[in-house]
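One-letter residues, chain by chain:
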Amino acid sequence: MQLMMPNLQPVMPEITMTVLALLVLVADLVIKRKETIGLLSIITAAIVAYFLTTAKGTAFNGMFLSDGYSIFFKLIFLMNLILTVLISVKYLSVERVNFGEYYSLILFSTLGMMVMASAGDLIVLYLGLELMALSTYILAGFLRYDMKSNEAALKYFLLGAFASAFLLYGTALVYGMTGTTDLKEIAGYIALNGLAQNPMLILAMIFVAVAFSFKIAAVPFHMWAPDAYEGAPTSITAYMSVGPKAAGFAVIGRVFLVAFGGMKVEWSAVLIPIAILTMGLGNIVAISQTNIKRMLAYSSIAHAGYALLGIIAGTPDGLASVMVYMLVYAFMNIGAFAVIIMLRSGDFKGDSLSDYEGLAKTHPLAAGLMLVFMFSLTGIPPTAGFMGKFYLFMSAIQAGYTWVVLIAVIFSAISAYFYLRVVMLMYMKEPKETVALSSSPAIGLALAVALVGVLAIGVVPSFFVNFAKAAVAGF
Amino acid sequence: MENYLLIPFLPFAAFLINILFGRAVLKEKAHWVSILAVAGSWVVAVMTLRDVLAGKTLNENVYTWILAGDFKVSVGFLIDQLTAIMLIVVTTCSTLIHIYSVGYMHGDNGYYRFFSYLSLFTFCMLMLVMANNFLQLYFGWEGVGLCSYFLIGYYFDKKSASDAGKKAFIVNRFGDFGFGLGIFVIFLNFGTTYYAPVFAQAGSLAAKSYNFLGFDVHLMTLISLLLFCGSIGKSAQMPLHVWLPDAMEGPTPVSALIHAATMVTAGVFLVARCNPIFSQSETALVVVALTGAITSLFAATIALVQNDLKRIIAYSTVSQLGYMFLACGVGAYTAGVFHLYTHAFFKALLFLCAGSVMHAMGGELDIQKMGGLRKYMPVTYVTMLIASLSIAGFPGLAGFFSKDEILWMAYSGSSPVGKIVWASGTLVAFLTAFYSFRLIFLTFHGKFRGTHEQEHHLHESPKAMTIPLMLLCVGAVAAGWVGIPALIGENIGIHNGIAEFMKPVLGHAEGHGTHGEELIVMAVSVVVGFAGIGLAWFMYMLRPDIPGKLTAQFSGVHKVLYNKYYVDELYSAVIIRPTIWTAKNILIGVTDAKVIEAIVNGVPAAIGGVSRQLRKIQTGLMHHYATIMAMGIFIIAALMLMRSW
Amino acid sequence: MVPLNWYLLLSAAVFSIGVFGFLTRRNIIIMFMSIELMLNAVNISLVAFSHYLQDLRGQILVFFIITVAAAEASIGLAIIIALFRNKNTVHVDEMHEMKG
Amino acid sequence: MSMLPQMFFGYFASAIVVLSLLVITRKNPVHSVMWMLLLFFHIASMYLFLNAEFIAAIQVIVYAGAILVLFLFVVLLLNLKEELQADRFIGTWPAGLLVSAAIFVSLAAALQKFVPGPKGNFTIDLIQRVTHTKVLGQVLYTEYLFPFEIASLVLLIAVIGAIVLAKKRMRSH
Amino acid sequence: MEQVMTNTMGFPILSSLIFLPVIGAVVLLLLNRTNENLIKWVALLFSVGTFLVSLPLFSTFDKTTHAMQFVERHAWIPSWNINYYLGLDGISILFVLLSTLVAILCVLISWNSVKMKVKEFFISILIVESAMIGVFCSLDFFLFYIFWEAMLIPMYLLIGVWGGPNRVYAAVKFFLYTLVGSVLMLVGIITLYLYAGRTFDILALSKLILPYDMQFWLFWAFFAAFAVKVPMFPVHTWLPDAHTEAPTAGSVILAAILIKMGAYGFLRFSLPMLPEASRAMTPVMIGLSVIAIIYGGVICLAQTDLKRLIAYSSVSHMGFVTLGIFALNVQGMEGGILQMLNHGIVTGGLFLGVGAIYDRTHTRQIADYGGVASVMPVYASIFIVFTLASIGLPATNGFVGEFLILLGGFKASQWAGVLSATGIIIGAGYMLWLYQRVFFMETNQKVAGLSDIGARELAALLPMVVLIFWIGVYPTAFLGFMHESVRHLLERVSDGGVHGVSVAHNVLEILK
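Chains as they are written, first to last, in the numbering used here: chain A, 16 to 490; chain B, 5 to 649; chain C, 4 to 103; chain D, 39 to 211; chain E, 366 to 877.
This is chain A alone, in the form it adopts within the complex (with noise of 0.2 angstroms):
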């Protein structure tokens, strides 16, 4: 047997990532200024955001595939990445946790999710998504002397290691009916040998699909996502709200699409339920929340429920709806959370609702910001959370689920009702103390990436829309 130098190409980025990561965390040892350590991380990102561009192809055998779905989607993540780490680093101090580790682990985090959105293989999709999700659980604890984010941590990890559990036994099962763990290759034995209808095959593809909808948080596998986001520090709520999600999607379309391509009836039979209990109960949870982190919990829960249909859908606009739908949110999502984390300062927590009151008074621009992220989380034009979502519903309207789209924007009207709470408490109210916003440039231009990406995407989705659908034609 001769060892043969693989096509590395596809899995520069990666590789890339990785050294770098690992760069980072040297580099921690030797330096003081944790703001350094973070500019790093954003420099990691674009230099793998630009091997990025050559990245196209497949790689050890097909477990690996760079493709523009997952090219996309790794977009997404160093998007998140970069927004995240730039409202991470005053806020850090504020929480005086201010440790080299939290990028490196972030970094990791974002490695496993890229690694997810380009497995060919569910070997390589479960580590990646083991790799994802270890460094989150740790980054969720990361407040150790808080016992909210202990608690988010503990919750957090183990009931993602009995989602993993499920995960691994619907594999294995699959792996037992196919004799493979390829996507394509089980794809190719079920179609082959009739297998969609078998009850064994649909128990795997039901396990396999609850750790996904675990990942995404969609109910009735939402639990823990309320108490994670709330205990963890709020960067990474942010964080977890966009990255493991959007790493979700990009597993089950893929993995749904094209593994269990041939069981569509089956498995939108399941995540038909799944996804209208998810836009329902996210958004009505939300209602009566009061801390501002947990009813953007619910809120991400009912997002999830949206963006949900596309893979409905099934069809290559779907994904691609789904593709955007996860890069609006990212940019909505991370803005309203950058707020958030301004108004964290000294003993102030600011997560309560109760601490926006009059904010428009007392800061009118955060507030202003704030507003829009919120009009566009409730998909009012011209943001881009209306352009997603109007994707989303008609993807799944031209698939025929038009019903189910009379229900999501139904919930979606209603999800007005608590987003337009923020608005209200903000411009409505008077302020009841003066709050301290703790901004620095990092996270201002955080927001200003944010708002661009909110309104331009809500004004000229034309060039998103263009490149999800191209990276989708070669799915």
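No lab work stands behind these hints, which were simulated from the structure alone.
Keep in mind that this is a model prediction, so the values were computed, not measured.
Heads up, the beta-carbon is just placed ideally off N, CA and C, and yes, glycines get one too.
Treat the hints with care, as some may be off.
What the hints assert, rightly or not - Covered by chain B, per the in silico footprint, the following chain D stretches (three or more residues, Cβ under 8 angstroms): (1) 76–85; (2) 123–134.
To be verified - Over 10 angstroms on every C-beta distance to chain A, these chain B residues come out as not near it, computed from the model: (3) Gly-114; (4) Tyr-159; (5) Asp-161; (6) Ala-200; (7) Gln-458; (8) Thr-518; (9) Lys-553; (10) Glu-573; (11) Lys-588; (12) Tyr-629.
Starting from the known structure of chain A, fit chains B, C, D and E onto it as the hints suggest.
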């Protein structure tokens, strides 16, 4: 005739000047603008009448007002015999009353406002009579109603005045409701709203029936009755007469001009104008005649017992308007218009005299508190006496001729209800004479019954007021001479000028009686007139104790009459209060609050409730989370397995 | 030969016992051990598949699962220690700082 | 064929089930760890039956040797005395029992429809000829190089994580 | 492309109209918030500028064609075949002009009454203006929806931030009510888009022949959005709250423009795109309109709050509008469109007027007024003009509109015509009663000594007065714009064979 546009637009210009500059610039000189304008109109109107007498008529569109599909209507003018008469009536009365007002309104702080309203009114009234289509008629119709509203509520800080104005407007709207529907039906059947083509087609459509709200009805009857609804409102006929007595809250010149001489007669004008339509429907005519007869009788009975000077005259107006409708209803449009024309003079005169009395009495209106004014204000007394004689049908005066014409036409005409309405008309003639002279006797004769202070203040009115009185008095005496009936005229070689004149427009109603009968009818009316005067003299001059005794003896009847048959109360109980009650208790209280808002607020509240319940699932305890996850897995698995087994 | 299904049934049984332990134990450490049980159940079926299908992928996956399990254990136990330091308990029903 | 394999399977399977139950029902966590140790040995033995010697080895080395020892350390860090006083199960344990039983039933039911996949090239003969470790190694380092590298990162993360979370360190600044 | 006439103005006039206010808003955003005078003047400058730019529309519009004019078309989102496609026809042009005018008046009337967050206020006003113009100009359904929804944001703020005591409730209610309707329409829009082969082009969609079932469902989906905006009975209850609590400028915008958008939606979308369903649904629509007319009117009789009364009167008046539109004949439709304009002017004027006096007394209770005519004669005389126009006195614009509507309504259904005509009586009742209670009778202590309106307020009110008489006396100047477009629309609605409108049949259809 070429300058006909000046007739309405001179007053309109005056209105604009007054309303824009009156308050700041003109102030107490505001009347000059209005008087000059309306006098100018009068001059042009007289010239126009001359042209019409010479046989010229005019029907001209000025510009297209509304155009929508096949619906087209212009601002256009029709000047024919009927218009010409009306122009004279309106401009004459208006001019005189403008002049009168200079004295009457002197010193009022809304002086400019008063004159601008008067000018606006004159404009609208002239637009009404000069219209050549129904919609412009409607424009003038509502316009005069508006001015009436403003002028009745002229003393707007008085609640009663503003109430009265509002009431007048709204009650009129009830009539206009039918009027508007009438216009719709006309348009939908004739395809136009211009008089000329409508009247031209009326004959050919006479037999047509029309499905209205699911009922097949005779088209001409329907149109006539709907239009007549408007007349009922505007001319204060039963059952929409309630606004007119209240309208006396306005300054007296207004009562004279609007609520006696001109606006209220617009209803009669409408019926006369639409005579080609009305003539096609016997039913409609009977309704018109009976409405007129009943109203005149009804109002006259009320007038018997009222003590308010102006209200008595107001009921008298209602009664006389009933007379005019009675005439139209028996097909004698000319007689109706003739009475309209004579009535304008003597009724305006009566009101202006009343105004003069009020002026002297310091605003007092209760005739029980007057008496013996004859010696203080001789001009007023004489003119008012003549006016009363005229209305009572004293032979030779204006009222005599027109009333006689009506009664004769009713008696001799072909109307199925002719005899009945004649009888009622004759009775009304008696009552009219009675209450008119009750008024005269109580006001001007006997001893003064007011306060000492008032007595001290009594004086004749200024020239600006008395001169119009005298001029109108000429009219009250002589206006009827243009319509001397053939019976008398033949002997002295005078034609019934007005009948001849109006014939092209209103046709000619033929009486079917002998000269003998005509003579009897005339004699009866004269006799009852004198009887009424005599009775009044007996009761209020000779035996002033009788009215009190009668009141005591027939207290029930008196009460009903005094309270105007409780019509206002009836409306309040049947229409106004139930409507507002419904609005408050059903629409706001139930439909809006308990149904729609209950859903609108209830659904979010329910969602909020569900939200608060659902959040309890999130117990914070991890094993619950895990159990729910596992349960979810099992449920999905079970369902899917059952599905695919 | 032992039928493949027997192994699968065993695996299912162990997996379910793991689930049961995870759902019912108060002690977080035992819960964690239940997860290890579940993973082992998966491993049993994977190795069985691998054997019966004459394919090594299953065993490769087992190899990775064990690796990840080790990593998971270190992180999980670290979290438990951090929590124990703050709260001085390892009972899951005492962790309800956040709810609703 | 003899019944021997079935009998061996019967023993190990029942032992595994019983040991599993013991693991999750012991009040004393130390006992649980100990039962688990025994359980892992049984599982490793079962792997041997399935021609997976290497896997059996790492099952013992990694699981029993490393992971369980880690568990033991942690268990010993905690307060055992209190633990022995406390309730073993949460109040709603019947629900858990029901759900897990239900899952087992569904799994068992679905198992009837199980259809094994295609047979591959790694026959028992081949493995026995080349030896299991070598075969596995060859596949792992060629075909599965990529996941292998990622697995290394996972372990790295574990190290960092343990340090970040468990090491006593002052707050920054 | 015989349906469109490209813009020959030499510059993109419609885009300028849409974006001038946005530029104004951006300029305001950059200004220092402490310099309130400058902010006001800049806002005024931009609103007047927009108005001036809009005037050429009025003079150069070609009334002899139903074609879309001043058309601009650029690809916007090519992947979804969405275009930035603007144009005006006889139905929409008047509303653009009204929007630009109303914006100026809103700036003027808010000059002193807005005391806090001045900058944000004027930014909101300008953005609303831009969205309003956009709604009326859009020839792309998607673009329309963007403007339609975008308007909610500034309106929500206008009501909620600068409104009355119960403003938050009103703002949220307004937002949610309209949003629920809109999202249902969105589903309809997408369905239509996909059916039509992925096009949002309004003109193309208006030529489409859809199966009846689809028309039926789409009709109700669109209804959800438009009826709420109008608002038709029984989805009207947001309006009283929103109107009552909104600041003057907000009420004016709501009354003058925003609720017209619903009726406009029926005209632009429901009728031409779903002709058969529209025809079949006329009994329902006319029925709801008649209920709205009477219901809204009668409820006014029991109101004690000035703004609430006018708000309910809007329900009644908009009932006339929908009656006219769904009469489906020339008179009704032209009357309806004109009445939309009229209602905008009159009710806008009424709210401007109420705002002027509210600034002085800070009470909306009718009982707190009385005798205002004695203290503020100029104001009283302007207000009476609005009152009279509201009750449809001839020579005011209200008459022309209502008369045509009633004529059209009567033509379509005699019962509808007769019942709606009672609205005229009720209207006179509540408006005159209102006027009496506020302006007549003895002077209330609370209004004694108020100063009459000043030049700035007069400047805000006079344009409305002028328009009232202009339209009342020479409506041809306005009706002339719409003849061709209405004719074309009615042809579209009525072609496709003769379908008898049977009430019973359609009621059954709905029950099914």
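Hints and how they fare:
Residues of the stretch 76–85 of chain D with a Cβ under 8 angstroms from some Cβ of chain B number 0, which does not satisfy the need for three, so the listed coverage is violated. For the stretch 123–134 of chain D, the assignment as covered by chain B holds, since 4 residues bring a beta-carbon within under 8 angstroms of that chain's beta-carbons and 3 suffice. Distance check on Gly-114 (chain B): its Cβ is at least 46 angstroms (rounded) from any Cβ of chain A, clearing the 10 angstroms threshold; non-interface status holds. No beta-carbon of chain A is positioned within 10 angstroms of the beta-carbon of Tyr-159 (chain B); the least distance is around 46 angstroms.
Remark: the non-interface label on Asp-161 (chain B) is consistent with the geometry, its nearest Cβ contact in chain A lying 41 angstroms away (cut-off 10 angstroms). The beta carbon of Ala-200 (chain B) is kept farther than 10 angstroms from every beta carbon of chain A, the shortest such distance being approximately 57 angstroms. At roughly 64 angstroms from the closest C-beta of chain A, the C-beta of Gln-458 (chain B) stays outside 10 angstroms, upholding its exclusion from the interface. At roughly 87 angstroms, the least C-beta separation between Thr-518 (chain B) and chain A is larger than 10 angstroms, which holds for a residue marked as non-interface.
For Lys-553 (chain B), the requirement that its beta carbon stay farther than 10 angstroms from each beta carbon of chain A is met, with the minimum near 76 angstroms. With a least beta-carbon separation of about 50 angstroms from chain A, Glu-573 (chain B) lies farther than 10 angstroms from that chain, consistent with its non-interface assignment. Distance check on Lys-588 (chain B): its Cβ is at least 31 angstroms (rounded) from any Cβ of chain A, clearing the 10 angstroms threshold; non-interface status holds. Distance to chain A contradicts Tyr-629 (chain B) as a non-interface residue, since its nearest Cβ pair spans about 4 angstroms, not more than 10 angstroms.
Violation of the numbered hints given earlier is confined to hints 1, 12; the remaining hints are satisfied by the structure.
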